[in-house]
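A.B. asks: Please model the complete structure; the sequences and the hints are all you need to start from.
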Amino acid sequence: MRTLIHSLNTKLLINNSLFYFYSIEIAYRFFYIIISFVFCLIICFWYVQIWLLIETYPFLQFSNKKFIATQTTDLIDAVWIITFSTSFLFVYPFFVYQIILFSKNSWYEYQMYFIIKLFCYSSILYVISLLFCYYYLLPILLGFLSQWEIKQTESILNIEIEFRILNYVQWILTFRYVFSFLFYIVTFFICFFSFLLNSMIKYNLLKFHRKIFIFLNTLFFFLITPSDFYLQLFVILYSFIFYEIIFLFLCYKCNITYLEIN
645 MRTLIHSLNT
655 KLLINNSLFY
665 FYSIEIAYRF
675 FYIIISFVFC
685 LIICFWYVQI
695 WLLIETYPFL
705 QFSNKKFIAT
715 QTTDLIDAVW
725 IITFSTSFLF
735 VYPFFVYQII
745 LFSKNSWYEY
755 QMYFIIKLFC
765 YSSILYVISL
775 LFCYYYLLPI
785 LLGFLSQWEI
795 KQTESILNIE
805 IEFRILNYVQ
815 WILTFRYVFS
825 FLFYIVTFFI
835 CFFSFLLNSM
845 IKYNLLKFHR
855 KIFIFLNTLF
865 FFLITPSDFY
875 LQLFVILYSF
885 IFYEIIFLFL
895 CYKCNITYLE
905 IN
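The opening residue of the sequence shown carries number 645 in our numbering; numbering runs sequentially from there.
Hints listed in this document are in silico derivations from the structure and should not be mistaken for laboratory results. A portion of the hints provided could be inaccurate.
[To be verified] Pairwise CB distance ranges, derived in the manner of DEER restraints:
#1 GLY787 - ARG808: 12 to 22 Å
#2 PHE852 - TYR754: 26 to 36 Å
#3 SER667 - SER767: 27 to 37 Å
#4 GLN715 - ASN749: 43 to 53 Å
#5 ILE784 - PHE665: 51 to 61 Å
#6 ASN749 - ILE829: 29 to 39 Å
Glycine is no exception: its CB is placed at the ideal position from the N, C-alpha and C atoms.
C.D. replies: Structure representation (structure tokens):
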């Protein structure tokens, strides 16, 4: 009985010691992340004019229009949004690095290799999507939207578009990050289904979980699209037809493979 109690006390002491050391390590790593984020905030705020120029360049490169601030706090809010967004973007790799170092002792070598490789490929893909959106997609979209003006010398109604700096910054950041996220998700699923899964696994996955995929896909598009009845109906029909066509193609491919084997 004493041996059992001593054994339990020893295990409890070891668990408490491990919890204490892990808590200390988490606190130190969290402190490093906070310090890095604060330094990023200071640097971004110090060079905020450069970041404002970078964010407005896709619009200013083809237009001579000016940005307006209808309230006294619009410019301050725009500066803080750009500062925090840029700081989060630059501190994210350091955050992932700290997570990898913290989990290094409990992972196998192949798991570390897989996580590092996945993070590198994801970062490269994310940077490519950001550059594509910044240099190609945003200028085309902003050029199209800025031409919606009514200017006629003989007309009573004249409409001229002016951009608020705060709304522009909020919209441009939201659009860019949503586009990069969608681009990353679509590319990931295409690579995952094309290279990592064979036809039979894809077939079973869609056969038993096709409705879940349709529901999640529809729910996601409902969250990012306006609440229009016809648009939502189109999203539902598109999701249903898309997965049904993929499932039909997999059925055909599995059937061909089965006939070739037999």
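A.B. asks: Hint by hint, where does the structure go against what was stated? Just the numbers, ascending.
C.D. replies: none
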